[in-house]
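The primary structure of each chain is shown beneath.
There are 2 protein chains.
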Amino acid sequence: MTINAARLQSHFEAMSLIGKLGETGTCRPTLTKTEMEAFKLASSWMLEAGMTTRIDNFGNLVGRLEGTHPELPVLMMGSHLDSQPYGGRFDGVAGVLTAIEAVTKLTEQGIKPQRTIEVISFADEEGWRFNKGLFGSRGILGRLEEGELDRTDKEVITRRKALIDFGCDPDKFKESEYAPGSIHCFLELHIEQGPVLDLANKPIGVVSGISGPLWWTVKLKGMAGHAGSVPMPIRQDALVGAAEIILALRHIATQIPGAPTVGTVGTMNVFPGSRNIIAEDVEFTVDLRDIDLNRRNTYEAQLRGQIEAVCRKHNLTYSITEDWNSEPRYCADWLKQIIHAQCTHLNLDAPELMSGPFHDAMALSYATDYAMIFVRCKDGISHNPLEFASYEDLALGAEVLYGTMVEVLGREV
Amino acid sequence: MTINAARLQSHFEAMSLIGKLGETGTCRPTLTKTEMEAFKLASSWMLEAGMTTRIDNFGNLVGRLEGTHPELPVLMMGSHLDSQPYGGRFDGVAGVLTAIEAVTKLTEQGIKPQRTIEVISFADEEGWRFNKGLFGSRGILGRLEEGELDRTDKEVITRRKALIDFGCDPDKFKESEYAPGSIHCFLELHIEQGPVLDLANKPIGVVSGISGPLWWTVKLKGMAGHAGSVPMPIRQDALVGAAEIILALRHIATQIPGAPTVGTVGTMNVFPGSRNIIAEDVEFTVDLRDIDLNRRNTYEAQLRGQIEAVCRKHNLTYSITEDWNSEPRYCADWLKQIIHAQCTHLNLDAPELMSGPFHDAMALSYATDYAMIFVRCKDGISHNPLEFASYEDLALGAEVLYGTMVEVLGREV
Numbered sequence: 001m002t003i004n005a006a007r008l009q010s011h012f013e014a015m016s017l018i019g020k021l022g023e024t025g026t027c028r029p030t031l032t033k034t035e036m037e038a039f040k041l042a043s044s045w046m047l048e049a050g051m052t053t054r055i056d057n058f059g060n061l062v063g064r065l066e067g068t069h070p071e072l073p074v075l076m077m078g079s080h081l082d083s084q085p086y087g088g089r090f091d092g093v094a095g096v097l098t099a100i101e102a103v104t105k106l107t108e109q110g111i112k113p114q115r116t117i118e119v120i121s122f123a124d125e126e127g128w129r130f131n132k133g134l135f136g137s138r139g140i141l142g143r144l145e146e147g148e149l150d151r152t153d154k155e156v157i158t159r160r161k162a163l164i165d166f167g168c169d170p171d172k173f174k175e176s177e178y179a180p181g182s183i184h185c186f187l188e189l190h191i192e193q194g195p196v197l198d199l200a201n202k203p204i205g206v207v208s209g210i211s212g213p214l215w216w217t218v219k220l221k222g223m224a225g226h227a228g229s230v231p232m233p234i235r236q237d238a239l240v241g242a243a244e245i246i247l248a249l250r251h252i253a254t255q256i257p258g259a260p261t262v263g264t265v266g267t268m269n270v271f272p273g274s275r276n277i278i279a280e281d282v283e284f285t286v287d288l289r290d291i292d293l294n295r296r297n298t299y300e301a302q303l304r305g306q307i308e309a310v311c312r313k314h315n316l317t318y319s320i321t322e323d324w325n326s327e328p329r330y331c332a333d334w335l336k337q338i339i340h341a342q343c344t345h346l347n348l349d350a351p352e353l354m355s356g357p358f359h360d361a362m363a364l365s366y367a368t369d370y371a372m373i374f375v376r377c378k379d380g381i382s383h384n385p386l387e388f389a390s391y392e393d394l395a396l397g398a399e400v401l402y403g404t405m406v407e408v409l410g411r412e413v
Numbered sequence: 001m002t003i004n005a006a007r008l009q010s011h012f013e014a015m016s017l018i019g020k021l022g023e024t025g026t027c028r029p030t031l032t033k034t035e036m037e038a039f040k041l042a043s044s045w046m047l048e049a050g051m052t053t054r055i056d057n058f059g060n061l062v063g064r065l066e067g068t069h070p071e072l073p074v075l076m077m078g079s080h081l082d083s084q085p086y087g088g089r090f091d092g093v094a095g096v097l098t099a100i101e102a103v104t105k106l107t108e109q110g111i112k113p114q115r116t117i118e119v120i121s122f123a124d125e126e127g128w129r130f131n132k133g134l135f136g137s138r139g140i141l142g143r144l145e146e147g148e149l150d151r152t153d154k155e156v157i158t159r160r161k162a163l164i165d166f167g168c169d170p171d172k173f174k175e176s177e178y179a180p181g182s183i184h185c186f187l188e189l190h191i192e193q194g195p196v197l198d199l200a201n202k203p204i205g206v207v208s209g210i211s212g213p214l215w216w217t218v219k220l221k222g223m224a225g226h227a228g229s230v231p232m233p234i235r236q237d238a239l240v241g242a243a244e245i246i247l248a249l250r251h252i253a254t255q256i257p258g259a260p261t262v263g264t265v266g267t268m269n270v271f272p273g274s275r276n277i278i279a280e281d282v283e284f285t286v287d288l289r290d291i292d293l294n295r296r297n298t299y300e301a302q303l304r305g306q307i308e309a310v311c312r313k314h315n316l317t318y319s320i321t322e323d324w325n326s327e328p329r330y331c332a333d334w335l336k337q338i339i340h341a342q343c344t345h346l347n348l349d350a351p352e353l354m355s356g357p358f359h360d361a362m363a364l365s366y367a368t369d370y371a372m373i374f375v376r377c378k379d380g381i382s383h384n385p386l387e388f389a390s391y392e393d394l395a396l397g398a399e400v401l402y403g404t405m406v407e408v409l410g411r412e413v
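First to last, the protein sequences are chains A and B.
If you read the first sequence in the numbering used here, its first letter stands for residue 1, the second for the next number, and so on.
If you read the second sequence in the numbering used here, its first letter stands for residue 1, the second for the next number, and so on.
To be clear, the hints were calculated from the coordinates, so they are not data collected in a lab.
Any given hint could turn out to be false.
[As the list claims (entries may be wrong)] Distance condition first, Cα-Cα at most 30 Å in a straight line; then the derived DSBU-like pairs of lysine-lysine:
#1 A:Lys221 <-> B:Lys219
#2 B:Lys313 <-> A:Lys378
#3 A:Lys221 <-> B:Lys202
#4 B:Lys378 <-> A:Lys221
[What the hints assert, rightly or not] Per the computed footprint, the stretches of chain A lying under chain B, defined by three or more beta-carbons under 8 Å from a beta-carbon of chain B, are:
#5 214-228
#6 243-251
#7 259-268
#8 380-393
Since the structure is predicted, the reported quantities are computational estimates derived from the model, not experimental observations.
Ideal Cβ placement from N, Cα and C applies to all residues, glycine included.
Excised from the complex, chain A in its bound form (with noise of 0.2 Å):
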């Protein structure tokens, strides 16, 4: 191996003690004082790789390693920081680390690359804060929607003043964007906070794509009545429309044993909610996700034809609201193949997986080529004090991105 294991395990032991919570949880909100003290101890590794640092006016950390021809289009790494409020250690945090490693190597091995290299902890990727993510990363590529510096937290404090109490310039955000074509692609290693790679007891995953999910909330409306004297045959009852939805969606997103396909529903709230009233009204979230978009549009397809159906079978009547649409971003193949090729010199068998949730590299795709490293946690467990990836397969992924990032760098050498 040529990444230094036990210096990436002493900067994750490090990185733990800022924002900890009981013993293994971390609570790191972004824009923070303990965001800042994160970044400090970052920017000291980063410092120690040859790097530069600074703190952009989107609140990103960025360590650059300039090249011998700057003019070329920068090859950028990393992930992000900040932590749920009840989170783990690993969930972000392994994309910085792992890319900070990678580089110091590069700088102990004497590597001077012509072209610059970046490693960036995008702000407020969780999102969870100002109830909106991927915050540094669509910052960057100018990709923000309007009204996002109003948007406040819970002790209504907008995003703007949190970005200038963080030493940020909300009105210089022009200076800190990435003009077109001037990144030449992104690397994120991540925990794949699923349990596909923990199933088949592979330590690391080469990522196909992110899909995208469709959100939609489904708002049912049945008529109430007394759960004693409403005899079962005319009752319009709303949740058992939704129960039927429930599993609709589940049967719609299982038919092709195998396929990545996941449907979920996470919410439901009943109105008037007393245990002797028929329900009157039901609401819930639909979650869709497919790599495939075209196989995703038939099934949501599908889905809307069994709501009509249950609907009309209970005689409800029903609305969809369409919360998020975004389309599976595929991961570049040339990456994917420097990657697999890193595995297989590794003797890593690396299955290639979708990626359900979203990350930084997400923002990055609309702009350039990109790829990620899955590591595999604990049981799928993330989001949690318990999410866990082992250093030993953190340190794989640390090596499987090292070269890889060598490998983009040599070819142009």
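Please build the complex by placing chain B on the supplied structure of chain A, with the hints as guidance.
Leaving out everything else, chain B in the frame of chain A:
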């Protein structure tokens, strides 16, 4: 028609002004000044009917027409004048006002019964203020449970204090109880609170019995996970399990076409309740009712089996808490026969039907024979300002109640 329909209507109209809510609604909580105002108005009508009136220590309003043989067990009629917080004009009120009308007409006819008649507006039938109902009707039979006086409402007023403020003496409950055998029978007229009569286009129904509900709280525990990353086959989705149980309950309750069995899930709580997280915990209630206890027991066993099977299938754990389990309480055949005869006399084709909801009659059923007369209500709507019964139907019901009362009295004349 013997009873005075115009007077009855004027009583409904006057009573509907007390605690009036919007155009057609009522909010008349138990043990409040509003209920006291209603008691005073009802008392004035009881006095006109020749009755004496008192408020007992449970907060019941009792009108008494002393018989010529006061040692005979009393013929008791009534219902309640308290309402749901967002209730209608007829629930409970119908039973009190038609009973007053029946006694008024009896007096007007110059009939002096041997048997004493009592008309009662029972305290706190609805039960929402202190979260436990049928207070007055259970109270007079010595069927209160421990701690009931310490229950509090939303303003943290105990029932004890509310009683004292209402002029009652909770230390003298014994004085307001009825000795075993002292009640000859109990008659209650009530709006159906269901759609059966309205759909059948019949103004009056004869109640076969009050089906006691079986009430459960069911908790399912699965495993949370990212909605985008946990493959469908390995999910432990508690909401999918709940959906299957909801449909199993519906299937069980409808297996005999035309049977009065009803099964309802009216509440559902999902944890963590995030659109992109698989449900880990789901809690919901089950309400199962049938006039046939053996059948209900069979269905209960079937449902337990289904819950077990669903949880095994989806790798969930579960618990079932029995919150309430009351057996059906059948109306007395001899009273039903009298009511049917009265209906036939009036050329009414009155179907027999089960009462799903509770009534004060349910409490009385443990001490005496009872019967109930149902009056149709529009679309089965109740516990809502939209609750509606026509004055024509209510007059018909009062006529049936009057005839039934006279018939019961006549048996001893």
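Hint check:
Taking the CA atoms of lysine 221 (chain A) and lysine 219 (chain B), the gap is near 25 Å; set against the 30 Å cutoff, the hint holds. The straight-line distance between the Cα atoms of lysine 313 (chain B) and lysine 378 (chain A) is roughly 23 Å, inside the 30 Å bound, and the hint therefore holds. For the suggested pair lysine 221 (chain A) and lysine 202 (chain B), the alpha carbons sit about 28 Å apart, so the restraint of at most 30 Å is met. For a cut-off of 30 Å, the pair hint linking lysine 378 (chain B) to lysine 221 (chain A) stands: about 20 Å separates their Cα positions.
With 6 residues carrying a beta carbon less than 8 Å from a beta carbon of chain B, the segment 214-228 of chain A meets the three-residue requirement, and the given coverage holds. Coverage of the segment 243-251 of chain A by chain B holds [criterion: at least 3 residues with CB-CB distance below 8 Å; count 5]. Restraint check on the segment 259-268 of chain A versus chain B: 9 residues with Cβ-Cβ distances below 8 Å, three needed, restraint holds. Restraint check on the segment 380-393 of chain A versus chain B: 5 residues with Cβ-Cβ distances below 8 Å, three needed, restraint holds.
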